[in-house]
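Trainee: Listed below, chain by chain, are the residues.
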Amino acid sequence: LAKTTQPISMDSYEGQEVNITCSHNNIATNDYITWYQQFPSQGPRFIIQGYKTKVTNEVASLFIPADRKSSTLSLPRVSLSDTAVYYCLVGDPTTSGTYKYIFGTGTRLKVLA
Amino acid sequence: DTEVTQTPKHLVMGMTNKKSLKCEQHMGHRAMYWYKQKAKKPPELMFVYSYEKLSINESVPSRFSPECPNSSLLNLHLHALQPEDSALYLCASSQAVRSTYEQYFGPGTRLTVT
Chain A
84 LAKTTQPISM
94 DSYEGQEVNI
104 TCSHNNIATN
114 DYITWYQQFP
124 SQGPRFIIQG
134 YKTKVTNEVA
144 SLFIPADRKS
154 STLSLPRVSL
164 SDTAVYYCLV
174 GDPTTSGTYK
184 YIFGTGTRLK
194 VLA
Chain B
9 DTEVTQTPKH
19 LVMGMTNKKS
29 LKCEQHMGHR
39 AMYWYKQKAK
49 KPPELMFVYS
59 YEKLSINESV
69 PSRFSPECPN
79 SSLLNLHLHA
89 LQPEDSALYL
99 CASSQAVRST
109 YEQYFGPGTR
119 LTVT
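Going line by line, the protein sequences match chains A and B. Counting from 84, one number per residue, gives the positions in the first sequence under this note's numbering. Counting from 9, one number per residue, gives the positions in the second sequence under this note's numbering.
I should point out that these hints are in silico values taken from the structure, not numbers from a laboratory. Computed from a predicted model, the values in this text were never measured in an experiment. Glycine included, C-beta positions come from ideal geometry on N, C-alpha and C. Any given hint could turn out to be false.
As a list, the in silico DSS-like pairs of lysine-lysine whose alpha-carbon atoms are at most 27 Å apart [what the hints assert, rightly or not]: (1) B:61 <-> A:137; (2) A:183 <-> B:61; (3) A:183 <-> A:86; (4) B:61 <-> B:48; (5) B:48 <-> B:30; (6) A:183 <-> B:44; (7) B:44 <-> A:193; (8) B:17 <-> A:135; (9) A:86 <-> B:46; (10) B:17 <-> B:44; (11) B:17 <-> B:49; (12) A:193 <-> B:49; (13) A:86 <-> B:48; (14) A:193 <-> B:26; (15) A:86 <-> B:44; (16) A:86 <-> B:49; (17) A:86 <-> B:26; (18) B:49 <-> A:152.
From the derived model, a few chain A residues whose C-beta atoms are all more than 12 Å from chain B [what the hints assert, rightly or not]: (19) 93; (20) 94; (21) 100; (22) 102; (23) 144; (24) 150; (25) 152; (26) 164.
Could you build the full structure based on these sequences and the hints that come with them?
Mentor: Here it is in structure tokens:
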């Protein structure tokens, strides 16, 4: 069973780059890694997804080493509005060919002025 | 339209009540999910529907009963709940049940069992 762990919390100042790492030692060969952002009393919102190496979009970058046992979400120049909980998500394939989805433990990011 | 809607937003029910949570999406997604989230914890997968068929039940107690009437709707029927079932219940959808597909989440239903 896939198990994903993240640092519990991080503090940063506005304008800094923030890197959040997720450990997923048992990731399946074909599995993608997805990161979500969640504000209080809201559903998670998609940030970025990747399979290997580096992926970048307009809000974040995702770094995945060759062994794929971890991934790092990079948020450039954070602002106060980036204060939220960040989760990585990996799929755990079942014997029937479907996926169970396992959220990481979550990282509470607090951005300070 | 990339929205998943959930009703009601808040629900308070007694342990002997029967109630239902509703979820709807119009993105043509063929996979729909129910998650349960306790305070300061990650969402936990409860059920997965793929092409309107239940494909995963994560050993959820029978007092939770999912239903997928059609490809756009997902219900969660609640009966004889316990106070420890109080949580945020999230619905999500994706194109299919593969990790390559982004899940779209609704805002959740905040359930309180008294």
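Trainee: Next, verify each hint and record whether it holds.
Mentor: Hint check:
1. B:61 <-> A:137: violated (36 Å)
2. A:183 <-> B:61: The hint holds at about 15 Å.
3. A:183 <-> A:86: Since the Cα atoms of residue 183 (chain A) and residue 86 (chain A) sit roughly 12 Å apart, the hinted pair holds (cutoff 27 Å).
4. B:61 <-> B:48: Distance ~31 Å between residue 61 (chain B) and residue 48 (chain B) Cα, so the pair is violated.
5. B:48 <-> B:30: Distance ~24 Å between residue 48 (chain B) and residue 30 (chain B) Cα, so the pair holds.
6. A:183 <-> B:44: This hinted pair holds, its Cα atoms lying about 14 Å apart.
7. B:44 <-> A:193: holds (24 Å)
8. B:17 <-> A:135: The hint is violated at about 38 Å.
9. A:86 <-> B:46: holds (19 Å)
10. B:17 <-> B:44: holds (14 Å)
11. B:17 <-> B:49: holds (20 Å)
12. A:193 <-> B:49: With Cα atoms ~17 Å apart, residue 193 (chain A) and residue 49 (chain B) stay inside 27 Å; holds.
13. A:86 <-> B:48: holds (18 Å)
14. A:193 <-> B:26: With a Cα-Cα distance of about 39 Å, the restraint between residue 193 (chain A) and residue 26 (chain B) is violated, given a limit of 27 Å.
15. A:86 <-> B:44: Holds, because 18 Å separates the two Cα atoms, which is no more than 27 Å.
16. A:86 <-> B:49: With a Cα-Cα distance of about 15 Å, the restraint between residue 86 (chain A) and residue 49 (chain B) holds, given a limit of 27 Å.
17. A:86 <-> B:26: With Cα atoms ~35 Å apart, residue 86 (chain A) and residue 26 (chain B) exceed 27 Å; violated.
18. B:49 <-> A:152: Given pair residue 49 (chain B), residue 152 (chain A) holds - Cα atoms ~22 Å apart, limit 27 Å.
19. 93: holds (15 Å)
20. 94: Consistent with the label, residue 94 (chain A) stays out of reach of chain B, its closest Cβ about 17 Å off (over 12 Å).
21. 100: holds (24 Å)
22. 102: Its Cβ never comes within 12 Å of chain B, the nearest being 20 Å, so this holds.
23. 144: Given a closest Cβ separation of 17 Å, the condition holds.
24. 150: holds (18 Å)
25. 152: At roughly 16 Å from the nearest Cβ of chain B, residue 152 (chain A) sits farther out than 12 Å, so the non-interface label holds.
26. 164: The claim stands: residue 164 (chain A) keeps its Cβ more than 12 Å from every Cβ of chain B (closest is about 18 Å).
Of the numbered hints given earlier, the model fails hints 1, 4, 8, 14 and 17; all others are met.
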